[in-house]
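**Q** Each chain, letter by letter, is given below.
Protein chains: 2
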Amino acid sequence: MMLSSAPRGRPRDNRAHQAILTAATELVTELGYAATSIGAVAARAGVGKDTIYRRWSGKAELVYEAVFTETEATPAPDTGTLAGDLTALLEALIQEFTAPAAAAALPGLLADFAANPGLRARIRSEFLAPAKSGLVTVFERAVQRGETDPNVPVDLVLDTLAGAVFFHVGLVGEQPGPQLAAQLAAVAGRGIETR
Amino acid sequence: MMLSSAPRGRPRDNRAHQAILTAATELVTELGYAATSIGAVAARAGVGKDTIYRRWSGKAELVYEAVFTETEATPAPDTGTLAGDLTALLEALIQEFTAPAAAAALPGLLADFAANPGLRARIRSEFLAPAKSGLVTVFERAVQRGETDPNVPVDLVLDTLAGAVFFHVGLVGEQPGPQLAAQLAAVAGRGIETR
Chain A
1 MMLSSAPRGR PRDNRAHQAI LTAATELVTE LGYAATSIGA VAARAGVGKD
51 TIYRRWSGKA ELVYEAVFTE TEATPAPDTG TLAGDLTALL EALIQEFTAP
101 AAAAALPGLL ADFAANPGLR ARIRSEFLAP AKSGLVTVFE RAVQRGETDP
151 NVPVDLVLDT LAGAVFFHVG LVGEQPGPQL AAQLAAVAGR GIETR
Chain B
1 MMLSSAPRGR PRDNRAHQAI LTAATELVTE LGYAATSIGA VAARAGVGKD
51 TIYRRWSGKA ELVYEAVFTE TEATPAPDTG TLAGDLTALL EALIQEFTAP
101 AAAAALPGLL ADFAANPGLR ARIRSEFLAP AKSGLVTVFE RAVQRGETDP
151 NVPVDLVLDT LAGAVFFHVG LVGEQPGPQL AAQLAAVAGR GIETR
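Protein chains in written order, with UniProt numbering: chain A, 1 to 195; chain B, 1 to 195.
Please keep in mind that the hints were generated in silico from the structure rather than gathered at the bench. Just so you know, not all the hints are guaranteed correct.
[What the hints assert, rightly or not] Using C-beta positions, here's what the derived DEER-type ranges look like:
1. Asp13(A) x Val136(B): 55 to 63 Å
2. Ser125(A) x Pro130(B): 30 to 38 Å
3. Asn14(B) x Asp149(A): 50 to 58 Å
From a predicted model like this one, the values you see are computed outputs, not experimental measurements. Just so it is clear, CB atoms sit at the ideal spot from N, CA and C, and this is done for glycine as well.
Here chain A stands alone, though its shape is the one from the complex (with noise of 0.2 Å):
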């Protein structure tokens, strides 16, 4: 296997780093969160395990940045209407959050980010700064076009879009709907008051 055949010991290596990343992937799929190891991921990946802690702080943080590495490439979408690129951004978080090794992982993800304060301590400056700063872009948007005001509450609305995408979908476990996106978009956008 390409993976196993990795080279061994040098941090630097872009591949190892890769191969790293893939094996953690595979085993959250194949195993569960829970029965994944820093052990079994070095073992798949064909590195020693001092090579996997060099650059992670442990098994939260390596599954993160390996199931949701997209997030940070995913430019802000620019559909012209803030419940367009709300829905946008709602489908891209609903197609993380779904995908297996994402499925697998979140909860117990979750869990070890809450209970580790070094960890939770960088949710909010480090793993969200994507999202938020795509999020914030939309509003800059949705602001110039009079849709909503300066002071919308960006790291409330962002926290209330991924909780609701991850309560609905990770912890319920329903199969997100075609409109479930639109819907929250709605909820989040336009509100349940009528006018």
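Keeping the supplied structure of chain A fixed, place chain B upon it in accordance with the hints.
**A** Here is chain B on its own, set in the frame of chain A:
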């Protein structure tokens, strides 16, 4: 101690039942969810493990009942407005999620629920049922007042409110400010779009 003097081996004994719930609440608060075991709860409550397993499927269900029992009792708020009722529901939710035992238990508890198909299947139908019935009552009154329309996706709104509080307070660990419930009620109720 009263707890350890609770009578043994009498499944229907209400004092034993209460002693088990109290012991579970204390241990989760002292040790955290992961470090709390059925054996330790049984020892502190002065009952046998079999007494616990006769009543609860395992740690997750026991801890859930121990830290969230009050939920069932709460009547639906009736402040006269949807925003006011949502704020009241959210204040109760924030209080539940931030109570020491619940805060200590929540991440690990949710991970166990999500990872256990049997428990997961009961989340919507059983564990969320009291909260949903309160929300349904609130929406029925809001529809009568013309504040919202009859086809509000109640389950989705419930997941959104609960998910937002979990993510913001339970996961990210924000100290809930006095305005949090009203801000979340505004996001869900009036939305973030300006009309």
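**Q** All the hints need checking, so say for each whether the structure fits it.
**A** Hint check results:
For Asp13(A) paired with Val136(B), a C-beta distance near 57 Å keeps the hint of 55 to 63 Å intact. A hinted range of 30 to 38 Å holds for the C-beta pair Ser125(A) and Pro130(B), which are about 36 Å apart. For the hinted restraint 50 to 58 Å between Asn14(B) and Asp149(A), the CB-CB distance of approximately 54 Å keeps it satisfied.
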